[in-house]
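Trainee: Residue 191 in the numbering used here sits at position 196 of the sequence shown, and the numbers go up by one each step.
Don't read these hints as lab results, they were simulated from the structure. In this text, all values refer to a predicted model and were calculated from it rather than measured experimentally. Please note that a few of the clues may not be correct.
[To be verified] Label pairs and their calculated CB-CB ranges: (1) THR247 <-> ILE155: 14 to 22 Å; (2) GLN135 <-> ASP174: 39 to 47 Å; (3) ASP93 <-> GLY138: 28 to 36 Å.
[To be verified] Derived DSBU-like pairs: lysine-lysine, alpha-carbon spacing no greater than 35 Å straight-line: (4) LYS113 <-> LYS129; (5) LYS113 <-> LYS101; (6) LYS129 <-> LYS101; (7) LYS150 <-> LYS129.
A virtual CB, placed ideally from N, CA and C, is assigned to each residue, including glycine.
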Amino acid sequence: MQSRSRIENTTKSNIHVRPLQENELSTADSIMRLAFGTFIGLPEPMSFMGDAAYVRNRWLADPEAAFAAEAAGEVIGSNFATNWGSVGFFGPLTIRPDFWDRGVGKRLMEPILGLFEKWETRHAGLFTFPQSQKHIGLYQRFGFWPRFLTAIMSKPVEQITSALRWTRFSEVSIGERDDVLSACREVTDAIYEGLDVASEIRAVAAQNLGDTILLWDNDRLMALAVCHVGPGTEAGSDVCYIKFAAVRPAPTAEQHFSDLLDACEEMAFARHVSRLRGGVNTARHEAYRHMLARGFRTDIQGVVMSRPNEAGYNRPDVFLIDDWR
């Protein structure tokens, strides 16, 4: 750890931003927990998120989209970008508390914006603390503007049987997976042109983080849900976390959304976890209302910031679950 005098002498020009290396993941993970735990005032900041994990899994999914900030040879922060086709988001952006307010956040934004340009991202965004003008002010400097709240909601898992036929991506043979991923892209593209979460589906399969639920009507894919389950994933112990779920736009979309949640709950019960969790932007009013009626309650909430300042797929008629943490 640097001495206080060396920390105080650190300026923006002394901060170096570069790709995050695999042997630095434990350090980046510790900084992430310490930073968030300190900001929200936990008595033991390092307990933030328990045994859930972001850093390692996101690095493994795309090492070229993970960045470290370094000062005097020490990692002092990190940031991650996620590519969902025409949509991109970043985070968690975290900095060691003794380096707060020293320009590190601005430096960690630079390579992220470069990636969005490289990826030709049409709609970019993030999830942050709605009560923090410090965070909102930082991101506004880069053209991100606050819009609606996203509620991270959960409910107790109950034994349930879904009405429609659903399968797991893990059951799909290697030779058929490209066709299934194309069917998933067809669903998401119908919601927002170019939206593609194939990278999430592949990451869950490759890292054994959970599974992707596929909801069918005859041979047509109607909906999908990418789920993390248990410790070492973004869910944590005793939780099935719906990282992303989407329903094909149709007059029957709300019923398929209900059926998809049934399937998620059925899988969660089979995996012996007690809570089902997922995020929904409140601008997706019908999906938010449906989850409330089903018994989901808000655990935490954040504000989504978007660039450009437009709705993207956060529209009242869109049945989609996600959060850009």
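Trainee: Confirm or reject each hint.
Mentor: Now the hints, each set against the structure:
Here the CB-CB span from THR247 to ILE155 is close to 20 Å, well matched to the stated 14 to 22 Å. For the pair GLN135 and ASP174, the supplied restraint of 39 to 47 Å holds, since their beta-carbon distance comes to about 42 Å. Between ASP93 and GLY138 the C-beta distance comes to about 29 Å, which sits within the given range of 28 to 36 Å. Between the alpha carbons of LYS113 and LYS129 the distance comes to roughly 28 Å, so the proposed pair stays at or under 35 Å and holds.
Among the hinted pairs, LYS113 with LYS101 is consistent with the structure: their alpha-carbon atoms are about 19 Å apart, no more than 35 Å. At roughly 12 Å between alpha-carbon atoms, LYS129 and LYS101 fall within 35 Å of each other, so this suggested pair holds. With a C-alpha separation of about 32 Å, the suggested pair LYS150 and LYS129 falls inside the 35 Å cut-off, and the hint holds.
Going down the numbered hints, you'll see the structure goes against none, and every one checks out.
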